[in-house]
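Protein chains in written order, with the numbering used here: chain A, 11 to 274; chain B, 3 to 298.
Incorrect hints may appear among the rest.
Said to hold, decoys possible - Here are some, though not all, of the chain B residues that point toward chain A, as calculated from beta-carbon distances under 8 Å:
id : residue
1  : Ile-59
2  : Val-85
3  : Gln-100
4  : Leu-103
Calculated directly from the structure, the hints in this document are not laboratory data. A quick note: this is a predicted structure, and the numbers were derived from the prediction, not measured. The beta-carbon is built from N, C-alpha and C at its ideal position, and this holds for glycine as well.
The residues making up each chain are set out below.
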Amino acid sequence: MAAVEERERIGRLERPAIAGVIVREVINFSSYWRSATFSSTVEPTIYLLAFGLGFGSLVSKVYGYDYVLFVGTGTVATAVLFSSAFPAMFGTFVKYKFQRTYDAILAAPVDTEEVVTAEALWIAARAGVYGCVPLIVSMFFGLDPKPTMLLVPFIGFLCGYGWACFGIAIAGFANSIENFSYIISAVLTPLFLVAGTFFPITNLPEWMQWLAAVNPLHQCVVLVRSAAFQAYGWHDLLRVLYLIAFGLVMWRLAITAMTRKLID
Amino acid sequence: MEGELAIRLRGVVKRYGPITAVDGLDLDVPAGTCVGLLGPNGAGKSTTMRLLTAQSIADEGELEVLGYRLPGESKQARARLGVTPQLDNLDVTLTVEQNLLVFAHLYRISRNERQPAIERALRIANLTDRRDTRVDKLSGGMRRRLLIARSLVHRPQLLLLDEPTVGLDPQVRQELWALVDALRAEGTTLLMSTHYIEEAQRLAYTVLIMSHGKAVAAGAPAALVAEHAGRDAVEVYGPPARLAEVEAEAAAAGLRTRRTGTSVAVLGVDGDAPEGERRPASLEDVFVLLTGEQID
Chain A
11 MAAVEERERI GRLERPAIAG VIVREVINFS SYWRSATFSS TVEPTIYLLA
61 FGLGFGSLVS KVYGYDYVLF VGTGTVATAV LFSSAFPAMF GTFVKYKFQR
111 TYDAILAAPV DTEEVVTAEA LWIAARAGVY GCVPLIVSMF FGLDPKPTML
161 LVPFIGFLCG YGWACFGIAI AGFANSIENF SYIISAVLTP LFLVAGTFFP
211 ITNLPEWMQW LAAVNPLHQC VVLVRSAAFQ AYGWHDLLRV LYLIAFGLVM
261 WRLAITAMTR KLID
Chain B
3 MEGELAIRLR GVVKRYGPIT AVDGLDLDVP AGTCVGLLGP NGAGKSTTMR
53 LLTAQSIADE GELEVLGYRL PGESKQARAR LGVTPQLDNL DVTLTVEQNL
103 LVFAHLYRIS RNERQPAIER ALRIANLTDR RDTRVDKLSG GMRRRLLIAR
153 SLVHRPQLLL LDEPTVGLDP QVRQELWALV DALRAEGTTL LMSTHYIEEA
203 QRLAYTVLIM SHGKAVAAGA PAALVAEHAG RDAVEVYGPP ARLAEVEAEA
253 AAAGLRTRRT GTSVAVLGVD GDAPEGERRP ASLEDVFVLL TGEQID
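Extracted from the complex, chain A is given alone in its bound form:
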């Protein structure tokens, strides 16, 4: 058509496209924020109370911290995981299979790469906020507020972004929602337990220490404790870099998985 003489340059990740998908998520969130907030905050708080107070009666101090505060800071990562990987897996699958949302979005000037990026950013932002809940609960058990705690939502965001992309990738590769059980049992549960949340990993067998060392959730746990207790060091920078790498790898993986699923 002659009207189209000037071919406008269209980037791969356009801000209006990403913003549009996030707006869709935000407007939808207004209809289900209660249940999402409930499950993302109550569950880690229960872990915090059960372990903190239960084991707390047997173990008084870990690394010199009150056990309840050790667990309280650790469950920030639990909250981040529960509010990123799980909603990403189930949400993406439901939108794909049952609501056919992606057919509608991809008919608009939005590409798969932008959909994945936008949804992961939105979930990560939520995870950053929900991650602060256990920290706040811990304050009722005597955790002293520190200025470095302001970093916690950003740590939660960074870690949550990787896990959100992980969840989207799993939903992209899965053929049915039942397949998620394998991932939850074989990947998420072990990583959740071997993250240094409830017990220090230094006393574990060596192979489990290795597992913890490569576990992004463990990096999140350590970073949150560094921020909460103002005990950070140079190794924390490596952990941040590790989480960035985790996020980037999972991001590309999620895009590959969803492109395969959505574009034929």
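For this one, chain A is given, so just place chain B on it according to the hints.
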């Protein structure tokens, strides 16, 4: 826009493993017209629609939408294109207005034009007093109208309607036809897929009959009827033996026939004809003649 093509497909092929869903399709949709893709389920209509939004990538052939080459420039094309999907994919827990608002954002309508665009879409769909109703509280017909309104929120130059009335009861179907007819009258370019003969006949200026991924005929409905099925048809009712007799006699006279359950239709009748009910030949006759397939 006159004389220009909103859609131009040449030799388009799309395979899924051993199945060739679209098999060398040529399609022209001139700007300002309404073209109907008519064919039974599985003829390749929905795949063609997916190719036009680059949700399917063609294996062979050239595709141009609004002057943009697909799939490379599909995003530019999609910005100027509206799509009403066959399957309802509204956000059901949101209100009518919220659904339109989401798409106003996805289609990048600027902040101060968003509300007027939503009001206009609500008016087109006749849903202005339902704006605050949640989608899961709407009737099937209202949901379909909202789907159409949603695809018009950014004033697209071209609208793709994929089976716009499938699964709706006759009364609601007519209501939607009125809506599509109004769009057509305004000069919106439309490409509509359907497997309802009547829908194609009423709404499309040009019909493309598809079968097994190929275009078997194209033209204005009346011209297709005149060319392939003649002016009149005679329906002969009777017991199976009588029907077989009629078929044999027609074949001997060089006339074509089609079985329609309880009757035989003798087509292309001009002068002599067997006893029966004379009726004008229809697009359905053309369709059955050309594809050998029945359609509902």
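Here is how each hint holds up against the structure:
no.: 1; hint: Ile-59; verdict: holds, 6 Å
no.: 2; hint: Val-85; verdict: holds, 4 Å
no.: 3; hint: Gln-100; verdict: holds, 5 Å
no.: 4; hint: Leu-103; verdict: holds, 7 Å
Hint compliance for this structure: every hint is met.
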